[in-house]
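Read top to bottom, the protein sequences are chains A and B.
To convert, note that position 37 of the first sequence is 37 in my numbering; the numbers rise steadily by one, no gaps.
To convert, note that position 129 of the second sequence is 129 in my numbering; the numbers rise steadily by one, no gaps.
Keep in mind the hints are simulated off the structure, nothing from the lab.
The C-beta atom is built at its ideal place from N, Cα and C for all residues, glycine as well.
Any given hint could turn out to be false.
[Said to hold, decoys possible] Using 25 Å as the maximum straight-line C-alpha spacing, the simulated BS3-like pairs for lysine-lysine come out as follows: (1) K379(B) <-> K67(A); (2) K320(B) <-> K296(B); (3) K81(A) <-> K67(A); (4) K407(B) <-> K112(A); (5) K109(B) <-> K161(B); (6) K390(B) <-> K122(A); (7) K122(A) <-> K407(B); (8) K118(A) <-> K379(B); (9) K464(B) <-> K518(B); (10) K446(B) <-> K141(A); (11) K35(A) <-> K379(B); (12) K250(B) <-> K291(B); (13) K112(A) <-> K390(B); (14) K467(B) <-> K565(B); (15) K390(B) <-> K118(A); (16) K122(A) <-> K379(B); (17) K446(B) <-> K112(A); (18) K394(B) <-> K121(A); (19) K121(A) <-> K379(B); (20) K390(B) <-> K121(A); (21) K540(B) <-> K488(B); (22) K407(B) <-> K121(A); (23) K490(B) <-> K540(B); (24) K112(A) <-> K379(B).
[What the hints assert, rightly or not] Just so you have them, the derived chain B footprint on chain A, three or more residues with Cβ under 8 Å: (25) 11–20; (26) 106–117.
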Amino acid sequence: MQEDYINIILADDDEDDRLFFTDAFDELRITTNVKTFNDGVYLMDYLNNEESIFPNVLFLDLNMPRKSGLECLKEIKQTDKFKDMAIAIYSTSASEEDIEKTFVMGANIYIKKPNDFKTLKKVLSEVVTINWQYHTNGLNKDNFLLRL
Amino acid sequence: MPTRILKKSWFIKSIFFTSAFIILLIGGITYRNIDDLSKSSELLTQTYRLNVELEQIFSHLKDAETGQRGFLITNDPLYLEPYDAGRENINYSFAELKELSRNNPTLQKNLKDLNVLIDERMDYFQKAFRFSAVGNYNDQNFKENFYKGKKLMDTIRLKIKGMIKSQNDLLKKTQHTYESNLKVTPIFLYMVLLFSLVLMFFAYNKIIRDLKEIKASNEQLEIFKESANQSQIISQHGNWIWDIDTNTFKYSDNLYRLLGEEPQSFESTVENFMKFVHPEDAEKLSREIEKMITNKDLPFVYYRIIQKNGTIRHFKGYGKLHESSDGGKKLLGTITDITDEIDNLRILEDRNLELERNNRELSAFNYVASHDLQEPLRKIQTFLSRLEDKESSKLSEVGLTYIDRIKNASTRMRLLIDDLLQFSRTNRADNVFEVSDINELLESAKQDLAEIISEEDAIINSDKFPKINVIPFQIQQLFLNLISNSLKYKSKDRIPEIHITYSKIKASDDPEILKPKKPYYHKIIFTDNGIGFDNEYAEKIFVLFNRLHNKDEYSGTGIGLSICKKIIENHQGFIFANGKPLVGATFTVYLPIT
Chain A
1 MQEDYINIIL
11 ADDDEDDRLF
21 FTDAFDELRI
31 TTNVKTFNDG
41 VYLMDYLNNE
51 ESIFPNVLFL
61 DLNMPRKSGL
71 ECLKEIKQTD
81 KFKDMAIAIY
91 STSASEEDIE
101 KTFVMGANIY
111 IKKPNDFKTL
121 KKVLSEVVTI
131 NWQYHTNGLN
141 KDNFLLRL
Chain B
1 MPTRILKKSW
11 FIKSIFFTSA
21 FIILLIGGIT
31 YRNIDDLSKS
41 SELLTQTYRL
51 NVELEQIFSH
61 LKDAETGQRG
71 FLITNDPLYL
81 EPYDAGRENI
91 NYSFAELKEL
101 SRNNPTLQKN
111 LKDLNVLIDE
121 RMDYFQKAFR
131 FSAVGNYNDQ
141 NFKENFYKGK
151 KLMDTIRLKI
161 KGMIKSQNDL
171 LKKTQHTYES
181 NLKVTPIFLY
191 MVLLFSLVLM
201 FFAYNKIIRD
211 LKEIKASNEQ
221 LEIFKESANQ
231 SQIISQHGNW
241 IWDIDTNTFK
251 YSDNLYRLLG
261 EEPQSFESTV
271 ENFMKFVHPE
281 DAEKLSREIE
291 KMITNKDLPF
301 VYYRIIQKNG
311 TIRHFKGYGK
321 LHESSDGGKK
331 LLGTITDITD
341 EIDNLRILED
351 RNLELERNNR
361 ELSAFNYVAS
371 HDLQEPLRKI
381 QTFLSRLEDK
391 ESSKLSEVGL
401 TYIDRIKNAS
411 TRMRLLIDDL
421 LQFSRTNRAD
431 NVFEVSDINE
441 LLESAKQDLA
451 EIISEEDAII
461 NSDKFPKINV
471 IPFQIQQLFL
481 NLISNSLKYK
491 SKDRIPEIHI
501 TYSKIKASDD
511 PEILKPKKPY
521 YHKIIFTDNG
531 IGFDNEYAEK
541 IFVLFNRLHN
551 KDEYSGTGIG
561 LSICKKIIEN
571 HQGFIFANGK
581 PLVGATFTVY
591 LPIT
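Work the whole structure out from these sequences, hints included.
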């Protein structure tokens, strides 16, 4: 029964980060279906495929070869069928510029990659259990960046 | 000065006309006097001749009488000779007298009277002859006739005497007027001459003085011309004058030099000048010159010229209409060689570009370095936490200590990278000043530090701040850095206390501000009761990566206060530190009042 899973996708070019990401979900007691892509082009190819399953939450790294996270975000937001997809920016930096830009472009939350595994697990479990409807309504620039 | 001379020329003019008038006057007076003199001498001659003729008439009359008497006594016709001659002579004299009395009616009337009297006397002579012819000398009628003749003779004598007297009187009177005239005239003439001499003296003086003035102003003009010449050479200027009325041009010496030619070596015409103009600019300049000729005005124009040796120079031109006082119209133009200026500008622009590029590269490098360094570090830390969680039971005591050490080192590295990132972002150029509530900024900074403040039980009290025009997040960063600095270097034996005071000061009253850029400043003082520092390091602590303490004792990166300094410099302010070991430190911040 695939419908009971929370579908999660991560697009990140860094192999270690993908490993941490999947490890963290493995250790969390949430039934998730995690898919990872190496860059934006693979991600968009998948999303544009009619048979693909849409994720509940999409985690986007910003710095990726071929197609960056910002480009993916822009494409997704321009496509009607992806409109309601929750998008979490998942980046090493938390520069004001990046935060501002992705907020304006319509991302739902901004996560700075934590530097220890415990925090990572905490952040991810937080994000996948967010009530997006509620979160998006009260979204502003101050609570856009996830703070724990 | 020349206009003054021109204005004063009326003086010379009036003197000239006065002198001319005086000369005419003198001429008139002299002519009148000479005329008087000749008239008077004529009158004298006339009077003399009149007197002579009258005397002669009387003398002829007497001759006639004597002749008559002689004839009457002797009856000898020989005695009748003088009588006859007398009669004739009297007629001659009368003719002469008539001629002389032509312009004198009184005299004419007197002569007529005299003539009547003489005729009457002659009548008596004739009557006497008639008596003598009959020889009746004792006749009563003869005697009476003779007596009447004698009486008439007396009347004639009186008449002639009277006439001579009246003529003499007239002469005397004329002579008198003439003499009195003659007496006054020299004095008058002398006075007039003297007056005109004085006038001439003034005129002479004036002319000499004006000449001197003209000479002086000419000399000044010459000096001015020469110094203008020199200043043209030194400032690389040249000028031209276009006489609109005659449509001729005149170029200054230095204009030729700017073109790389000998002064006045060719005719100053537009055509000759255009030969030097860079082909690419020729059309533009011709257009401007055409416009200048119709509008009588030349706004700033930029063009290039090529000297004969091939050197390209940049020129800037300008012209303005000048109308002289006599209505002559001239267009005065100036040309400046701005090649050096343009070269310098180009060099400056290049340097600026290079500097900008360097700056951009540096900040990009700084950002990338800090940013990209974070990634591997984050992984090291994450793997460490994985290792600790999963594998710690398999490690020995020493192994665990090593992991601890690696953890500490990587934490420190993260701190350094964060601070460096912060430092590289503290730029003025991309940040906007806005009037901000400083109290709010301080409050936010305190909130960011809430955890450590409550941990340390720190006391922070502050004055109320006004609104100040600042880059808000930088000032918040400044508060954050200074407070965390105080908390970091707290004294171990007392609760940390930070006092923040505010005042408005005049730059000239504050000895700390040596080179103020604005007259008034906001002054914010942070005072803590921490470990303080030796004042000899008061400047050093703001230098990047400079630390006063061993990193094992205090966890600073040596960047925080450098950021503070950079922020304050972005605000055109000043920051000073003051410390007393074991007592505390004071940081004083000055922000200009704009």
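The hints, checked one at a time:
1. At roughly 23 Å between alpha-carbon atoms, K379(B) and K67(A) fall within 25 Å of each other, so this suggested pair holds.
2. Between the alpha carbons of K320(B) and K296(B) the distance comes to roughly 8 Å, so the proposed pair stays at or under 25 Å and holds.
3. Taken as a hint, the K81(A) and K67(A) pair is honoured in the structure, with Cα atoms around 20 Å apart against an allowance of 25 Å.
4. Proximity of K407(B) to K112(A) is assessed by CA-CA distance (about 20 Å); at most 25 Å being required, the pair is judged to hold.
5. For the proposed pair K109(B) and K161(B), the alpha carbon gap of about 15 Å is at most 25 Å, so the pair holds.
6. A distance of roughly 17 Å separates the Cα atoms of K390(B) and K122(A); the hinted pair therefore holds under the 25 Å criterion.
7. Note on K122(A) and K407(B): the hinted pairing holds, with a Cα-Cα distance of about 20 Å set against a maximum of 25 Å.
8. Simply put, K118(A) and K379(B) have alpha-carbon atoms about 13 Å apart, close enough for the 25 Å limit, and the pair holds.
9. A threshold of 25 Å between alpha carbons decides the hint, and for K464(B) with K518(B) the separation of about 23 Å falls inside it, so the pair holds.
10. The straight-line distance between the Cα atoms of K446(B) and K141(A) is roughly 21 Å, inside the 25 Å bound, and the hint therefore holds.
11. With a CA separation close to 21 Å, the supplied pair K35(A) and K379(B) stays within the 25 Å bound.
12. Between K250(B) and K291(B), the direct Cα distance comes to roughly 19 Å. Compliance with the 25 Å bound is thereby established for this hinted pair.
13. With a C-alpha separation of about 24 Å, the suggested pairing of K112(A) with K390(B) holds against the 25 Å cut-off.
14. Note on K467(B) and K565(B): the hinted pairing holds, with a Cα-Cα distance of about 21 Å set against a maximum of 25 Å.
15. Straight-line distance between C-alpha atoms of K390(B) and K118(A) comes to about 12 Å, which keeps the hinted pair within the 25 Å bound.
16. Between K122(A) and K379(B), the direct Cα distance comes to roughly 17 Å. Compliance with the 25 Å bound is thereby established for this hinted pair.
17. Of the supplied pair hints, the one linking K446(B) and K112(A) holds, its CA atoms being roughly 23 Å apart against a limit of 25 Å.
18. For the hint pairing K394(B) with K121(A), the CA-to-CA distance comes to about 23 Å; that is within 25 Å, so the pair holds.
19. This hinted pair checks out: K121(A) and K379(B) have alpha carbons roughly 15 Å apart, not beyond 25 Å.
20. Of the pairs offered as hints, the one joining K390(B) and K121(A) holds, with about 15 Å between alpha carbons and a cut-off of 25 Å not exceeded.
21. Between K540(B) and K488(B) the alpha-carbon distance is near 18 Å, which keeps this suggested pair within the 25 Å criterion.
22. Using a Cα cut-off of 25 Å, the hinted pair K407(B) and K121(A) holds, with the two alpha carbons roughly 19 Å apart.
23. A distance of roughly 20 Å separates the Cα atoms of K490(B) and K540(B); the hinted pair therefore holds under the 25 Å criterion.
24. The suggested pairing of K112(A) with K379(B) holds, with an alpha-carbon distance near 13 Å, which does not exceed 25 Å.
25. Coverage of the stretch 11–20 of chain A by chain B holds in this model, with 4 residues showing a Cβ closer than 8 Å to a Cβ of that chain against a need of three.
26. Check on the stretch 106–117 of chain A: 5 of its residues sit with their Cβ under 8 Å from a Cβ of chain B, so the three-residue criterion for coverage holds.
Violation of the numbered hints given earlier is absent; every hint is satisfied by the structure.
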